[in-house]
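These are the residues of each chain, in order.
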Amino acid sequence: MTDKTELATKNETDIKPVAKQSEPSIRPAVDIFEDESGITLHADMPGISRDRLNVKVEGETLTIDGDAQIPVPEGMEPLYADVRATHYQRSFTLSSEMDTDKVEASLNHGVLTLRIPKREEHKPRKIEVKVG
Amino acid sequence: MFGTTGLFNELQRIQREMEEVFGSTPWANGIRSSNTGFPPVNVGTTADEVDVYFFAPGVNPESWDISIQNNVLSVAGERRVIREEGASYYRKERFDGEFRRTFSLPDDIDAEKVDANYKDGVLHVRLQRKESSKPRQIKVN
Chain H
1 MTDKTELATK NETDIKPVAK QSEPSIRPAV DIFEDESGIT LHADMPGISR
51 DRLNVKVEGE TLTIDGDAQI PVPEGMEPLY ADVRATHYQR SFTLSSEMDT
101 DKVEASLNHG VLTLRIPKRE EHKPRKIEVK VG
Chain D
1 MFGTTGLFNE LQRIQREMEE VFGSTPWANG IRSSNTGFPP VNVGTTADEV
51 DVYFFAPGVN PESWDISIQN NVLSVAGERR VIREEGASYY RKERFDGEFR
101 RTFSLPDDID AEKVDANYKD GVLHVRLQRK ESSKPRQIKV N
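From first to last, the protein sequence lines stand for chains H and D. Numbered according to my numbering, the first sequence spans residues 1 to 132. Numbered according to my numbering, the second sequence spans residues 1 to 141.
It is worth saying that the hints were derived from the structure and are not from the lab. Note that CB positions come from ideal geometry on N, CA and C, so glycine has one too.
Dumping the calculated DSS-like pairs for lysine-lysine here, alpha-carbon to alpha-carbon at most 30 Å:
hint, chain 1, residue 1, chain 2, residue 2
1, D, K92, H, K56
2, D, K92, H, K118
3, D, K119, H, K56
4, D, K119, H, K102
Examples of chain H residues toward chain D, derived with CB under 7 Å:
hint, residue
5, F33
6, D35
7, D44
8, P46
9, G47
10, S49
11, P73
12, M76
13, P78
14, L79
15, A81
16, H109
17, G110
Just chain H, same shape as in the assembly:
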């Protein structure tokens, strides 16, 4: 459940019936850092292959989600589980100087790397001073 969804739920009136429990999802652990040219995000998403990963930007919201695929032999009975869901989801709000058209994503051993560059037009502007 993302922070965004929780906020939306709080704004709803009491009259509305309780929403159906959505599929449980895992909030992947992330590292996020910024340098001069942009922001880099690393997310732990074990079990995710390239074709089962979604990275999308809607407005200023970046969402990563996907379903892990784990090979399970027939008739297996669970004995112990730290991980109780296969769906990953997490959202972040971006700011306007991020160039969302140029987001690059790569996946390596279940670690997603996103690179979000800053826009070029955010360069400092020179202002001439006229002498009267």
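Based on the hints, put chain D in the right spot on chain H.
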């Protein structure tokens, strides 16, 4: 989300579940059992095998060290998170370093028949049960 109490409760819950599962024979909580918290693990069984899944993304494949001794499965590895110098970090949630998890195995595991496969950040260890202990259908004449 994880206040001090919340995290503590969560750890207690995990420990309680561990005890529920591993506290009884044959999955006794062995004296050599250890748990670094990373990676999370799922265990499943069938009549033929025991399957252990380690959710360990970004591990250097060459660092995997998997062994069975005295009926204890030991899985160790190393995940190094490369930190960029001079960058400003907003979040550092990911595990960084060496880890080891060990489990006492059921008595009927054949230590010679174990294979491990690391794919998409999940290590899948398959442990075959000994032939003699597999359930056998007995015909009624």
